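Chemist: Okay, here's what each chain looks like letter by letter:
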Amino acid sequence: MFEAIAFYLFSAVTIAMFTITVMSKNALYAMSALAAGMIMISGFFFLLDADFLGVVQIIVYTGAVMALYAFGMMFFDTTREVKENIRAPKLVFLLSGMTALLLVIAFVAPIVSDHIEALYPMVEGVQNPQAVGVVLFTKYLVPFEVAAVMLLVAMIAGIILAGKKMDESLTLKIDDEFQEKGAQ
Amino acid sequence: MTLTGFVIATIIKIVLVLAVFSALAGFGTYIERKVLAFMQRRLGPMHVGPYGILQVAADGLKLFTKEDIIPQNSVKPIFRIAPIIGAATAFIALAAVPLFPEFEMFGVTIHPIIADINVGVLFVLGVMASGLFAPLLAGMASANKWGLLGAARTAIQLLSYEVVTGLSILAPLMMVGSLSLIDINNYQAGGFTDWIVWSQPVAFILFLIAGFAETNRTPFDLLEHEAEIVAGYATEYSGMRWGMFFIGEYANMITLAFLASLIFLGGFNDWGFIPGGLAIVLKVSFLFFFFLWTRAAWPHVRPDQLMWLCWKVLMPIAVINVVVTGIVLMM
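Chains as they are written, first to last, in the numbering used here: chain H, 218 to 401; chain Y, 167 to 497.
The hints are simulated quantities; they were obtained by calculation from the structure and are not laboratory data. Note that the structure is predicted; figures quoted are calculated from it, not measured. We put the beta carbon where it would ideally sit given N, CA and C, even for glycine. Check the hints yourself; a few may be wrong.
To be clear about the criterion: a stretch of chain H counts as covered by chain Y if any three or more of its residues have a C-beta under 8 Å from a C-beta of chain Y, and this derived list gives those stretches [claimed, not checked]:
{"no.": "1", "region": "237 to 250"}
{"no.": "2", "region": "290 to 304"}
{"no.": "3", "region": "343 to 353"}
{"no.": "4", "region": "358 to 372"}
Make a model of the complete structure from these sequences and hints.
Modeler: Okay, structure coming up:
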């Protein structure tokens, strides 16, 4: 009974939050609703006894959404509404609606026709992190490593793009200039 | 235990934890003022009650009865929610912390932990990290430049320390082989020499440093650095909403002290002749005192210094520590 109550509660809150994310014109509402929705999703993992993935969901999306907030802070006045310039609202609505419908069909189809089975079912007595680790380092080893390399490439690219004059500290430079002026 | 019994026991535990820890958080402010006062050769609060001990009650009354001001241009719902996030996440994090050893009362074995999930450490750290949404949202919603600066500092603080916390705690977890705080505690059951702090001193120091950033304490209290940005994210807050931020902050300090004692300092195992329940209270009290001691002894750092420290010094040390631990474990 508790599981059913929790499931419907989390579903309702998640859908409400993501609706706000899409519909709201205020960047602060949208981002806060996104963060709340992401954290609510971890509830489903806990309901499915996937504690580890649930906690990873919380940790990863806390950091990720926090970075998004930083961008929001730099680009918008977050206490004002953002004016969106949509030329063809009907087209946008149609395209995004169709995409969402396609995604739902693609994910629901195997469940409806009962063609879904666990290739790597849970072994009794193996804890969550171990189970994730085993699958990650056997079946999904190549995607895992490729993702790691991609992140490394992105990080190096980011450092090179942002890292001009990284060896000089802006604040220290200002301090030195002040001291030179003081000495004169 | 039946389902009804389980539900009732859990609700009693939740109410107890909420009541005790909000009281402790209030009392923490008194302790902090007294300790700081003695370190600076002052007396601290002296007038309300013996040695000023009723100052807590007076401050509480003041906070409850103060007018709750919400600025005109702020984003009002988020401005209202932010302090609640701060206090709530601090207490949710406590749900997965085993506070004391098991004991028997009225013939029933009582586990002093609200939710015994087997990824306890990660849950506590993750929820504490999401608690930083409170100052972030508060600063961004309050339509105040100091508040916005505080929010910006929150973001960089989270992105700086989180990596260090995770990597520093990884090495002891590799030794124990479990993410459950109870397993980690039982790993150190052999007494004083079995404490993980002796085999992982580097990880302990890194974890403490990251913990200071996580709980927003001096030397890393950038978010409300009163000398630079007035009160940072809390500039526009007053009354009970302001108070909730600080209940959250002190509850987080206690949670972090519990985590450090459980992971590194032998947890609630018996310590010589001291029973386990008392031992963990002593360790937590010492760590809490250590927070205040550091505040009295060290100056603030700048945000760029914090980022430099976390990314260029602490993170490489933490990675080296993990690699060395891995090599030693393999051999």
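Chemist: Could you run down the list of hints and mark each one as holding or not?
Modeler: Hints and how they fare:
Three residues within the 8 Å Cβ limit are the bar, and the region 237 to 250 of chain H against chain Y gives 4, so the coverage statement holds. Here's how the region 290 to 304 of chain H fares: 3 of its residues keep a CB closer than 8 Å to some CB of chain Y, so the rule of at least three is met and the hint holds. Check result for the region 343 to 353 of chain H against chain Y: holds, 3 residues qualifying (beta carbon to beta carbon below 8 Å, three or more required). Three residues within the 8 Å Cβ limit are the bar, and the region 358 to 372 of chain H against chain Y gives 0, so the coverage statement is violated.
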